[in-house]
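**Q** Position chain B relative to chain A; hints supplied.
Respectively, the protein sequence lines represent chains A and B. Take the first sequence: its position 148, counted from the start at 1, is 148 in my numbering, and no numbers get skipped. Take the second sequence: its position 59, counted from the start at 1, is 59 in my numbering, and no numbers get skipped.
Honestly, I wouldn't trust all of these hints.
Claimed, not checked - Distance condition first, Cα-Cα at most 25 Å in a straight line; then the derived DSS-like pairs of lysine-lysine:
#1 Lys44/A - Lys146/A
#2 Lys59/A - Lys63/B
#3 Lys79/A - Lys97/A
#4 Lys21/B - Lys344/A
#5 Lys59/A - Lys146/A
#6 Lys114/A - Lys59/A
#7 Lys97/A - Lys344/A
#8 Lys79/A - Lys21/B
#9 Lys44/A - Lys79/A
Unchecked claim - Label-pair ranges, simulated between beta-carbon atoms:
#10 Gln120/A - Glu12/B: 32 to 38 Å
#11 Glu141/B - Arg118/A: 47 to 53 Å
#12 Arg278/A - Pro16/B: 32 to 38 Å
Everything labelled a hint here was simulated from the structure, so no lab data went into it. Yeah, the Cβ is synthetic: ideal placement off N, Cα and C, and Gly gets one too.
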Amino acid sequence: MLNEFLLGVGVVTGLNAFLALLLVLAERTLSHYGPCTLTINDEKKLVVPGGQDLLSTLKREGLFIPSACGGRGSCGLCKVTVLDGGDPLATEIPWLKPEEIARHVRLACQVRIKHDLRLQLPREWFAIRQFQATVVSIRDLTHDIKELRLRLVDPPEIEFQAGQFIQLEVPPYELTDEPVYRAYSISSPPSNRREIELEIRYVPNGLCTTWVHRHLNVGDPVTFNGPYGQFVLRPGNRPIIAIAGGSGMAPLKAIFLDMAEKGIARSARYFFGARSRRDLFLVEEMKALETRIPGFQFIPALSNPLPEDRWEGETGLITEVAARHVPDASGAEAYLCGSSFLIKAAIAMLTERGMPRERIYFDDFG
Amino acid sequence: MKQSPELQKIQEAMRPGRLTKTGFLGSDSRPLADILAEDEATVARLGLTHAAIATRMAYFREKGEAGLGLAVDVPPHFEVRVDGVRGRLPCPFAHPGLYPKIFCQVHNQKTGETVTYSDLQIHLIGDHGFYEGRGSPYRLEPETLVQVLEITPEE
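Just chain A, same shape as in the assembly:
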């Protein structure tokens, strides 16, 4: 009886091992697509090994596609035009508009390279590079926002436009066993090419924010790639209305510092919201810009000031404060950065006051 039982166990185990071996062999042979050629914008050709996803393959070739989730298909950022890549997968459909599907737009992280592909990529992506840097300072801006200053090592300089963002690489640590990437706006002006600053708010259990807030130290090496994004100051002379909250300060700080350095004199009102005094930061630095940029006004507001704050400034939600100051927004343009709720409320407020929707610029984190 025991022998029969052991024989049965042996047969089942052997069968499982055989099937596992078959799967491994199938993986190595059937899914071996050989070298494939990627033709980019009908100009550049890259010969790459088949079988891998497009996002990581392009990264290995030094072409960085914007992505905030590291290729999990959960951010919808890595949209590329793949002219002969087939239909989008079910995992891509929620991210793609019908017109994008018609134009053969795909999520690069979901496209597996099985044959030669023709790609259309925006030219500005060719300027995106990977950078090695060193943490030179970490400063507490508030109880949950840290300012990170990075000195570039290789390459030693970066060119970017004020308002753009980078993707910070989080190395393997206790919350992740492989590198992950998260997007952060650069808060320093482009004039300093050797260093960049980031403002990073702690998100409970966030893979990157936990690493930055709990593990990263001055002197540590870090890797990032960039720059990315179109959230930059548009040329012209229209008055500017900027609205931000929390770590949404970062790109607007860079834009206004850049304006001050370049002597751009445009009427600008910057509304920045926080809950109480302990959540407010860089007030003196922003106020100082009022003397450097003719027509610039920094208007901080607290939604719930504490008695000990002795706050005499504006109070209320930042969109309510901005609404009190801006009865007519029809001639202005707006720059918004913060939570998706803030952006939604600010868009509603501004369009009610006559601002055309196309003159409202923001970083869409939704």
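**A** Only chain B this time, still in chain A's reference frame:
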């Protein structure tokens, strides 16, 4: 409890790197059916339902949204902040659509305790009775939710 092929398929989708980076199960090696059954029993012992817990979570989520990313006071003694980060998450139980990465942080000022949960977790608890596996960094213990959010059985 016997695990159906459907649950086995869902459990596979919950592993790290399938739908999300960290997955939904943590270090929990039990069949999904057992994970669900244990939490079901816990919630029943507390005299509650998954729907009642999810409704309370959604209540704070809705109140917190008014802060536009900043914390707001919710009577009688809660501080709630609702914010989001870039990205969306799919339901591992294969419901269509994606849930934005919006998190709700509820601080009970009376007890000093805080819980944080996402839009997806409100759905997972309300519609599937799933609180994530043991060892998952995002697991929500039913007892903790009930205590911090002060959820009481309906009379």
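**Q** Next step is simple, just say for each hint if it's right about the structure.
**A** Structure-based check of each hint:
1. Of the supplied pair hints, the one linking Lys44/A and Lys146/A is violated, its CA atoms being roughly 41 Å apart against a limit of 25 Å.
2. With a C-alpha separation of about 42 Å, the suggested pairing of Lys59/A with Lys63/B is violated against the 25 Å cut-off.
3. As the CA atoms of Lys79/A and Lys97/A are separated by approximately 11 Å, the hinted pair is consistent with the 25 Å bound.
4. Between the alpha carbons of Lys21/B and Lys344/A the distance comes to roughly 28 Å, so the proposed pair goes past 25 Å and is violated.
5. The suggested pairing of Lys59/A with Lys146/A is violated, with an alpha-carbon distance near 29 Å, which exceeds 25 Å.
6. With a C-alpha separation of about 17 Å, the suggested pair Lys114/A and Lys59/A falls inside the 25 Å cut-off, and the hint holds.
7. Between Lys97/A and Lys344/A, the direct Cα distance comes to roughly 20 Å. Compliance with the 25 Å bound is thereby established for this hinted pair.
8. As the CA atoms of Lys79/A and Lys21/B are separated by approximately 20 Å, the hinted pair is consistent with the 25 Å bound.
9. Restraint check: the Cα-Cα separation between Lys44/A and Lys79/A comes to about 19 Å, which is no more than 25 Å; the hinted pair holds.
10. The beta-carbon spacing between Gln120/A and Glu12/B, approximately 36 Å, falls within the hinted interval of 32 to 38 Å.
11. Distance hint for Glu141/B and Arg118/A: a CB-CB separation of about 52 Å, consistent with the stated range 47 to 53 Å.
12. At about 37 Å, the beta-carbon gap between Arg278/A and Pro16/B stays in the expected band of 32 to 38 Å.
In terms of the numbered hints stated before, the structure departs from hints 1, 2, 4, 5, listed from lowest to highest.
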